[in-house]
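From first to last, the protein sequence lines stand for chains B and G.
Going by this note's numbering, the first sequence wraps up at 346, each residue one higher than the last.
Going by this note's numbering, the second sequence wraps up at 1316, each residue one higher than the last.
Please note: incorrect hints may appear among the correct ones.
[What the hints assert, rightly or not] Selected chain B positions facing chain G (in silico; Cβ < 8 angstroms): (1) LEU64; (2) LEU86; (3) VAL87; (4) ILE178; (5) PRO181; (6) VAL184; (7) VAL284; (8) VAL314; (9) VAL315.
[Claimed, not checked] Negatives, chain G to chain B, calculated, CB over 12 angstroms: (10) ALA1058; (11) SER1083; (12) ILE1127; (13) VAL1175; (14) LEU1199; (15) ARG1202; (16) SER1210; (17) LEU1213; (18) LEU1254.
[As the list claims (entries may be wrong)] Listed next, the stretches of chain B that the computed footprint assigns to chain G, with coverage defined by at least 3 CB atoms under 8 angstroms from CB atoms of chain G: (19) 117 to 130; (20) 318 to 329.
To be clear, the hints were calculated from the coordinates, so they are not data collected in a lab.
In this text, all values refer to a predicted model and were calculated from it rather than measured experimentally.
The beta carbon of each residue, even a glycine, is placed where N, CA and C say it ideally should be.
Here are the chains, one letter per residue:
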Amino acid sequence: MLSYILRRLLQVIPVFIGATLLIYFLVFAMPGDPILALFGDRSPNPALVSALRERYHLNDPFLVQYWYYITGVLQGDLGVTFSGRPVSEVLVDTLPVTGRLALMAIGIEFTMAIIIGTISAMNKGKIFDHVSLIVALVSIAIPIFVLCFLAQYFLAIQWGWFKPTVGADNDWGGLWLPALVLGFSLYAVSMRLMRSSVIDTLNQDWVRTAYSKGLPRRRVIPVHVLRNSLIPVITHSATSFGILLVGATVTEGIFNVPGVGNTLYQAAIRGEGPTVVSFVTVFVILYVLVNLVIDLLYGLLDPRIRYV
Amino acid sequence: MSDPTTEKHYVAPVNTETISVDAIRIAEKPSNLWLDAWRDLRRRPLFWLSVLLAAVFLLMAVWPTLFTQVNPRAGDLMYSNEGPAPGHPLGYTFQGQDIYARIVWGAQTSLSVGLIATVLSSVIGLVMGALAGYYGGWLDSLLSRVGDIFFAIPYILAAVVVMTVFSQFRSVWTLALAIGGFSWAATARVVRAEVLRVRQADFVMASRALGQSRFATLLSHVVPNAIAPLLVVSTLGLATAIVAESTLSFLGVGLGGSIVSWGNDISQAQAALRIAPMALIYPSIALTLAVLAFVTLGELIRDALDPKARALR
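Sequences are here, hints too, so could you generate the full structure?
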């Protein structure tokens, strides 16, 4: 197990460096001089310009600049936002909110995927299965921001079941509507995976054995079938974490949830380049870390993985 | 062997007609993966429905004047947010522009961004995946690590960065480049896995044994036999690229506001969601139907190409 953890950690380092380097390169290639842009229309003092260039290491080659940047990131310095607040400080305020939203959305996604997927598998080819396929296709096809607006318009404005925006009321209870939307936008693929996985498991010998030794269905399905069908769904949730992050950005923006995604959304809408880049970097780091953790957990669950 | 009585080498029970067991039906058309898939697909109504839908949107993109004569940019504030009128079946936007005409002309933008991005990401994914899977060794390690790096950046976020950084150069092409240039990693993984499988086949060894070079074998035998999953991934990729375009336009980092696109229209209509929801809902329906058509096509083709998936039905 230890060698598996070490191997996995070693694999993360090049991905982390490569991904941050790529984003940093995009910013480096940005047209226009950042120092001159600071002065707007006025023509600045050349001595001041060269002093600033020196201070921000702009005269150094690309890789040296990247080195300054990445050592800063590793020490927790992710830059400042457009309004001058350190990004790390903003993260302390916003990450818990996004974390709550993500956990609720994943909870809703899994609950829907497991229940609907299992019922579909057990009713393969019947009406329920067909209807659930069509609903799943629609859920995949509706872009998340359209779903947000539809939910906001019908569930909140027209029928008044929820409040249309979240704002300061962002504890577990206040996040229901955005979490439902986010969960619904994610559940379809997990549900289809769960369905085919359950169909696969239902044909296994141990399920037949369980039935033939007289166990009732209410024991066979949850204990013998579900537990053995969950692995593809869990694996998928790791790779779909990126979709969750993009979804959270849009959802938080529309429902005004004060999370990390909303900060990125506001920065993108206002065209604040540096803030956008800082927060995309945060998301990429989060994505890499979450995938690492899920991979390690997965190695713990399934011993075969460790030796591949 | 010329004696017809010794030709039958099969020992069947006395009362079995040999022909019914042993015969090969020569008149039957030869079968292969694509033919099987086609036979399966053409019997499914959902397939024809999504083909029809996709064809309508493609026709809209290629020949918008077939559907409407109204100028999508002409706005008359007299009609701001008004309901349907003769000749304007879906009513007007806040700017007094015809919603139906904007939907028809928006198809062109959405589909061209989607198509260019998909072609780009398929080509990069095919080249990277095929080279990595076929040659293996250090080239595989290198290309797969590069793929991992691109895989670690959710492509919509990458496109947000690209479009923010290069905000002066916003056009259909830059947007398609930003989406396609960052979404190929998943395609490359699929192609690599398929090439790894096909590489083991006897016909690849035969081709090498007949003296064809490794690269020529890759092009003429391995790639054509590994193309099926790429077709599925590309069809689904077209759907996700259309979604990506509209999401980026919605985030304000897509196409400039002067370009007619579904994402722009939805984004502009959100301010008046309470008083004029239809200006938002109609383009959303068009967007969803277009994506639905390609997603359904992709899923059905995947199903038809995979005998195991057919058993799951």
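Against the structure, the hints come out as follows:
1. LEU64: holds (5 angstroms)
2. LEU86: With a minimum Cβ separation of about 25 angstroms from chain G (threshold 8 angstroms), the hint on LEU86/B is violated.
3. VAL87: Result: violated, 22 angstroms to nearest chain G Cβ.
4. ILE178: holds (5 angstroms)
5. PRO181: The hint holds - PRO181/B has a Cβ within 8 angstroms of chain G, the shortest such distance being about 5 angstroms.
6. VAL184: holds (4 angstroms)
7. VAL284: VAL284/B check passes; min Cβ-Cβ to chain G is 5 angstroms, inside 8 angstroms.
8. VAL314: holds (5 angstroms)
9. VAL315: holds (6 angstroms)
10. ALA1058: Holds: least Cβ distance 17 angstroms, greater than 12 angstroms.
11. SER1083: holds (20 angstroms)
12. ILE1127: Correct as stated: the minimum Cβ-Cβ distance to chain B is 15 angstroms, above 12 angstroms.
13. VAL1175: holds (18 angstroms)
14. LEU1199: For LEU1199/G, whose nearest Cβ neighbour in chain B is about 14 angstroms away, the distance exceeds 12 angstroms, so it holds.
15. ARG1202: holds (19 angstroms)
16. SER1210: holds (30 angstroms)
17. LEU1213: holds (35 angstroms)
18. LEU1254: About 5 angstroms separates LEU1254/G from the closest Cβ of chain B, which leaves it inside 12 angstroms; violated.
19. 117 to 130: Since three or more residues must qualify, the claim that chain G covers the segment 117 to 130 of chain B is violated, with 0 doing so at under 8 angstroms.
20. 318 to 329: holds (count 6)
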